[in-house]
Amino acid sequence: MDEKVKQDLIQIVGEANVTDNLIDMVSLSYDASEHSHRPEVGVWAETVEQVSEIMKLASRIRIPVIPRGAGTGLSGMAVPIQGGIVLDLNHMNQILKISIEDRLAVVEPGVVYADLEKALLPHGFFFPPDPASGKVSTLGGNVATNAGGLKGAKYGTTRDYVLALQVVLPDGRIMRTGSKAMKSVSGYDLTRLFVGSEGTLGIVTEITLKINPKPTATSTALATFDNLEDAGNAINQIMHSGIIPSALEILGRETLAAINQNTDLNLPEVDAMLLAETDGYTREETDYQLGKVIEVFRRNRASEVRQAKTEKDVDDLWAARKSAYAVLARIENNFVLEDVTVPMTQIAAMLTGIHAIAKKHQIRIATFGHAGDGNLHPQILYNGYEPEQVRRMEEASADLFKMAVELGGTLTGEHGIGLSKAPYMTLEHDPVAMDVMRSLKKMFDPNNILNPGKMGLEA
Amino acid sequence: MSTRFEFEEKFRDQVLRCSRCGFCQAVCPVFGATLRPALNARGKMLLLKEVMDGKLDLNDALIESLFQCTTCANCYKNCPSGVNVPEIIKLARKDMVKAGSCHPAFKGMNEVLDKYPNIYAEGDPEDFDREKNQQAENVYFVGCVGLYREDESTEATLDLLDRLKVDYTLIDEVCCSGVLEDVGFPMKEHLVRKNTDAILATGAKRVITGCPYCSRTFNNKPQYAELREKGIEILHITQFLQGFDFGVTTDKRVTYHDPCDLGRHCGIYEEPRNTIRKIAPNFVEMADNREDALCCGAGGGVRGAYAKNSIAMARRRLEQAEAVGAEIILTECNSCVHNLANAKLRKQKFKIYNTPQFINELMEEAE
Numbered sequence: 001m002d003e004k005v006k007q008d009l010i011q012i013v014g015e016a017n018v019t020d021n022l023i024d025m026v027s028l029s030y031d032a033s034e035h036s037h038r039p040e041v042g043v044w045a046e047t048v049e050q051v052s053e054i055m056k057l058a059s060r061i062r063i064p065v066i067p068r069g070a071g072t073g074l075s076g077m078a079v080p081i082q083g084g085i086v087l088d089l090n091h092m093n094q095i096l097k098i099s100i101e102d103r104l105a106v107v108e109p110g111v112v113y114a115d116l117e118k119a120l121l122p123h124g125f126f127f128p129p130d131p132a133s134g135k136v137s138t139l140g141g142n143v144a145t146n147a148g149g150l151k152g153a154k155y156g157t158t159r160d161y162v163l164a165l166q167v168v169l170p171d172g173r174i175m176r177t178g179s180k181a182m183k184s185v186s187g188y189d190l191t192r193l194f195v196g197s198e199g200t201l202g203i204v205t206e207i208t209l210k211i212n213p214k215p216t217a218t219s220t221a222l223a224t225f226d227n228l229e230d231a232g233n234a235i236n237q238i239m240h241s242g243i244i245p246s247a248l249e250i251l252g253r254e255t256l257a258a259i260n261q262n263t264d265l266n267l268p269e270v271d272a273m274l275l276a277e278t279d280g281y282t283r284e285e286t287d288y289q290l291g292k293v294i295e296v297f298r299r300n301r302a303s304e305v306r307q308a309k310t311e312k313d314v315d316d317l318w319a320a321r322k323s324a325y326a327v328l329a330r331i332e333n334n335f336v337l338e339d340v341t342v343p344m345t346q347i348a349a350m351l352t353g354i355h356a357i358a359k360k361h362q363i364r365i366a367t368f369g370h371a372g373d374g375n376l377h378p379q380i381l382y383n384g385y386e387p388e389q390v391r392r393m394e395e396a397s398a399d400l401f402k403m404a405v406e407l408g409g410t411l412t413g414e415h416g417i418g419l420s421k422a423p424y425m426t427l428e429h430d431p432v433a434m435d436v437m438r439s440l441k442k443m444f445d446p447n448n449i450l451n452p453g454k455m456g457l458e459a
Numbered sequence: 001m002s003t004r005f006e007f008e009e010k011f012r013d014q015v016l017r018c019s020r021c022g023f024c025q026a027v028c029p030v031f032g033a034t035l036r037p038a039l040n041a042r043g044k045m046l047l048l049k050e051v052m053d054g055k056l057d058l059n060d061a062l063i064e065s066l067f068q069c070t071t072c073a074n075c076y077k078n079c080p081s082g083v084n085v086p087e088i089i090k091l092a093r094k095d096m097v098k099a100g101s102c103h104p105a106f107k108g109m110n111e112v113l114d115k116y117p118n119i120y121a122e123g124d125p126e127d128f129d130r131e132k133n134q135q136a137e138n139v140y141f142v143g144c145v146g147l148y149r150e151d152e153s154t155e156a157t158l159d160l161l162d163r164l165k166v167d168y169t170l171i172d173e174v175c176c177s178g179v180l181e182d183v184g185f186p187m188k189e190h191l192v193r194k195n196t197d198a199i200l201a202t203g204a205k206r207v208i209t210g211c212p213y214c215s216r217t218f219n220n221k222p223q224y225a226e227l228r229e230k231g232i233e234i235l236h237i238t239q240f241l242q243g244f245d246f247g248v249t250t251d252k253r254v255t256y257h258d259p260c261d262l263g264r265h266c267g268i269y270e271e272p273r274n275t276i277r278k279i280a281p282n283f284v285e286m287a288d289n290r291e292d293a294l295c296c297g298a299g300g301g302v303r304g305a306y307a308k309n310s311i312a313m314a315r316r317r318l319e320q321a322e323a324v325g326a327e328i329i330l331t332e333c334n335s336c337v338h339n340l341a342n343a344k345l346r347k348q349k350f351k352i353y354n355t356p357q358f359i360n361e362l363m364e365e366a367e
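Chains as they are written, first to last, in my numbering: chain A, 1 to 459; chain B, 1 to 367.
None of these hints come from the bench; they were simulated from the model. Only a predicted model underlies this, so the values are computations on that prediction, with no experimental measurement involved. By construction, the Cβ of each residue, glycine as well, lies at the ideal position given by its N, Cα and C atoms.
Covered stretches of chain B, going by a simulated chain A footprint (3 or more residues, C-beta under 8 Å): (1) 15-28; (2) 40-48; (3) 53-64; (4) 73-81.
Below, a list of computed lysine-lysine pairs in the DSS-like style, where the Cα atoms sit at most 25 Å apart: (5) B:Lys77 x A:Lys312; (6) B:Lys132 x B:Lys188; (7) B:Lys252 x B:Lys351; (8) A:Lys118 x B:Lys77; (9) A:Lys154 x A:Lys135; (10) B:Lys77 x A:Lys135; (11) B:Lys55 x B:Lys98.
Just the calculated beta-carbon pair ranges, DEER-fashion: (12) A:Glu49 x B:Gln348: 29 to 37 Å; (13) A:Asn260 x B:Glu233: 34 to 42 Å; (14) B:Gly231 x A:Lys312: 38 to 46 Å.
Extracted from the complex, chain A is given alone in its bound form:
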């Protein structure tokens, strides 16, 4: 690290908040993906003014800045692939305001999702997206990745709740987007442009989120299927029941086996298990909805349908589901966790396609995901120390992406492009769309200093 730059950073945030200590350089070089690269320096900012000064400095000397939240991203978007400054925003972790009357919460980017959840609970409110990593992931990270989660089908993703942002642009200017009003069509929707922009356009320093009243009752059931196709058909017929489950998750055989290894749940190890939750305000209401969903399961040859009886049963099931990918990490040294998403009618095709791809490339692919919105998580398990397996993993990934796009779906439903899917951007987006995206990046960040190398924008 250039000593002068380090001193300049110390001037901005103080000595305790600048590090080029080896242990920090290692920890800041990773997220939850297979990528890593060491930065030159790590900085903890505490105010928007500091972020602005850091960006002015970085612009002047043309050094990359990579904003970072909890580092739980799965596609390498927080990995400083070209070195530079990792800007850790965890110290900006204040909930600035909760206004039930205005139906909003104003937070700093380093607030952990679960901490906002805890703060909203006494008011009977919640911020619905429910990312599986919610007990650690930060809201800034959720915005940067447009995080989705288990409640996506009924409640949408982060994007649907961001009303307004404060953003520091790559040149250090501070901008406010959106409005704290529930509706606004005033000018271009800059807010939406930043949500999911993976820290490539600006650094979010304040977030205004719309919040929802939290339903007080839920009903949960699981259904097993001996045949993957039956499960797929059950999922895409759910809409005919007229019910939108608050969560509808699928877990494949490998995933169920791995969960059984880690818990005392003794889940049936079948081809597919569907886990459905309905929510509302009375038990009668949620049971009625769930009954409709169960009818669809039965019509599609579910071998077993079981409704969770106690609160503990319910908590255990969801905890198990949320730990699925990390539990699967027990099986092999390495994995990539994809999040291909297809239209609901194509789920059965995608599920059987994943099996075919695993067979073709002779590699293990465990599957689970948010069936309710067509978002599947094929998790490819491989040994990163064996080049042959790495090659097969890469080929299988490429086939998965190709299939998702061919089925009218997308490369990523919620994890983002980052580094992992950057080579496949042109598979999904036509040359005109790519050109527009690159032009946008150039306009906001002419020197390409903000999270460079991501989203396939440099090709």
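Chain B: place on chain A using the hints.
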């Protein structure tokens, strides 16, 4: 595969199994107090992965991370990939010590225990006005912190045992030395011998420890197998007391802090609560309790080596006690009492006790 390090030989698979999901970040007390990813369990596993990959040397540069773990095991309890971080860290520390890298505080502690019978390098311990090394049914084993730092609490515990007419004796005890294995050094055979002989000489059938760590050491370490082979039962005081009726109650709002060494490491959650509920009908749990309890920040040598962060961890725990309006915080570990008391702010009006000390005080008042 031949490996350079013991941690690698035993735990290579587990280090690689860390999926970097970061779930440990939600519960790691060191991360909670510092917000520094390098000090979180995941940060530590990444360092060890790079050591195994030959990208890093296991040297002084890693001390600040690898020697800054309270071994509270909250990460392990919450790790979906089942990575036993505390055990991995202990072996990595051993490898580091072997390679000549160690935090000076622990190097010092190891040297102290060669010369002195306790970790504080102090001379004659308090005898609490009691005859030692008597023939008795029980040996009460105090532990270093209870002898040299929390002697008031120890005296009260002994008074309580007297009130309850327990047949016990103190011994000329020395440090159990179990903690050395946590910080990279072997236990001291001469200390083990001295404790074993002193305990056996009393003819006791039970050792009651005031310190949960000593209890773990006597119960689990092969070095103390002789005690167990001779049929001596080893109990922590909280286990011993749960059958007693004290005949006193308090109307104060009482909460309980689970020491990691008693809770997550031994699964003892209900015994202390059973006792406390008898004396404190107005009992309230903190937000994180039992398996999820926040560490007080004292364990794994962190209090000695990284005092500032250790206190910051204790403050976070005290905030939880404040949030439930506790007037009394009870716990079952002198280290926890010591660290929590040191961290208490003047505006925080609650009092912090070991449970036996508090019960003794209630009984004293009732007399």
